[in-house]
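Peer 1: All chains, full assembly: derive it from the sequences and hints.
FYI, the numbering for the sequence shown is 1 to 148, going by the working numbering.
To be clear, the hints were calculated from the coordinates, so they are not data collected in a lab.
A portion of the hints provided could be inaccurate.
[Unchecked claim] Restricting the straight-line Cα-Cα distance to at most 25 Å, the calculated cross-link-like pairs of lysine to any residue (SDA-like) are:
id, residue 1, residue 2
1, K90, G80
2, K90, G73
3, K131, L54
[What the hints assert, rightly or not] What follows is a set of in silico ranges between Cβ atoms, one per label pair, in the way DEER data are often shown:
id, residue 1, residue 2, range
4, I69, A97, 17 to 27 Å
5, Q84, W128, 17 to 27 Å
6, P38, A97, 16 to 26 Å
7, G101, A127, 12 to 22 Å
8, D87, D65, 13 to 23 Å
9, C37, T81, 26 to 36 Å
10, G88, G67, 11 to 21 Å
11, G88, D65, 26 to 36 Å
12, T100, D123, 18 to 28 Å
13, R133, P47, 13 to 23 Å
14, G67, A120, 14 to 24 Å
15, C37, T83, 34 to 44 Å
16, K131, L48, 26 to 36 Å
17, T72, R49, 29 to 39 Å
Bear in mind the structure is a predicted one, so any value in this text is a computation, not a measurement.
Quick reminder that beta carbons are idealized off the backbone N, C-alpha and C, glycines included.
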Amino acid sequence: MPPLPSKRTTWHSLLNPLTRRNRSAPAAEAAPVIGPCPAVALYAVVPLRAVAHLTLDDLAAYAQDRGWIVPTGCAVADTGTLTQDLDGRKGWNRVRALATGTLVQGVVVPSLTHIAYRAADSDREQAWLLKRRLFVVATNPTELDLRA
Numbered sequence: 001m002p003p004l005p006s007k008r009t010t011w012h013s014l015l016n017p018l019t020r021r022n023r024s025a026p027a028a029e030a031a032p033v034i035g036p037c038p039a040v041a042l043y044a045v046v047p048l049r050a051v052a053h054l055t056l057d058d059l060a061a062y063a064q065d066r067g068w069i070v071p072t073g074c075a076v077a078d079t080g081t082l083t084q085d086l087d088g089r090k091g092w093n094r095v096r097a098l099a100t101g102t103l104v105q106g107v108v109v110p111s112l113t114h115i116a117y118r119a120a121d122s123d124r125e126q127a128w129l130l131k132r133r134l135f136v137v138a139t140n141p142t143e144l145d146l147r148a
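Peer 2: What follows is the structure in structure tokens.
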């Protein structure tokens, strides 16, 4: 079954001319700043492979809303529970491989528990990413952290 199309649209990122405070100001002042666009990897742990595209679609929309790009092959998901061992996660190993190169500058996850469930493992993995100068963003930072 092919993935369902996203309900998100790109209109969120367009400049809204009605938000300018000073209508007499030239339109050039309201133009967005154009600069380098970071590339990010998306990663999540999902219970079933059939729903992986739903979670990755939400992460991709989050990245798109911030002007980040997701290169081909950089949106990966592992199937199972959050408590599974990191060594057995093929998707996370793919993210680690991407982190050793220069293709991506960051990693987007639903919550930090998707990186690793145990706090010590998560801290170690995040430190490893930060040493390689990659940023890590959780799309739902208010999610309760129930790690042991």
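Peer 1: Indicate, hint by hint, whether the structure satisfies it.
Peer 2: Hints, verified against the model:
1. As the CA atoms of K90 and G80 are separated by approximately 11 Å, the hinted pair is consistent with the 25 Å bound.
2. For the proposed pair K90 and G73, the alpha carbon gap of about 13 Å is at most 25 Å, so the pair holds.
3. For the given pair, K131 sits about 31 Å from L54 by alpha-carbon distance, which is inconsistent with the 25 Å threshold.
4. For I69 and A97, the Cβ-Cβ distance of about 19 Å falls inside the hinted range of 17 to 27 Å, so the restraint holds.
5. In this structure the hint that Q84 and W128 lie 17 to 27 Å apart at CB holds, the actual value being about 18 Å.
6. One distance hint, 16 to 26 Å for the beta-carbon pair P38 and A97, holds here, with the actual separation near 18 Å.
7. As the Cβ distance of G101 to A127 is approximately 19 Å, the hint placing it in 12 to 22 Å holds.
8. The hint said 13 to 23 Å for the Cβ distance between D87 and D65, and at roughly 33 Å that hint is violated.
9. One distance hint, 26 to 36 Å for the beta-carbon pair C37 and T81, holds here, with the actual separation near 34 Å.
10. Taking 11 to 21 Å as the suggested C-beta distance range, the pair G88 and G67 does not conform, at roughly 34 Å.
11. Restraint check, G88 to D65: a C-beta distance of roughly 32 Å satisfies the suggested window 26 to 36 Å.
12. Here the CB-CB span from T100 to D123 is close to 19 Å, well matched to the stated 18 to 28 Å.
13. At about 32 Å, the beta-carbon gap between R133 and P47 misses the expected band of 13 to 23 Å.
14. A beta carbon spacing of about 34 Å between G67 and A120 contradicts the range 14 to 24 Å that was offered as a hint.
15. For C37 and T83, the hinted distance range of 34 to 44 Å is satisfied, since their beta carbons lie about 35 Å from each other.
16. In this structure the hint that K131 and L48 lie 26 to 36 Å apart at CB holds, the actual value being about 33 Å.
17. Separated by about 19 Å at the C-beta atoms, T72 and R49 break the suggested range of 29 to 39 Å.
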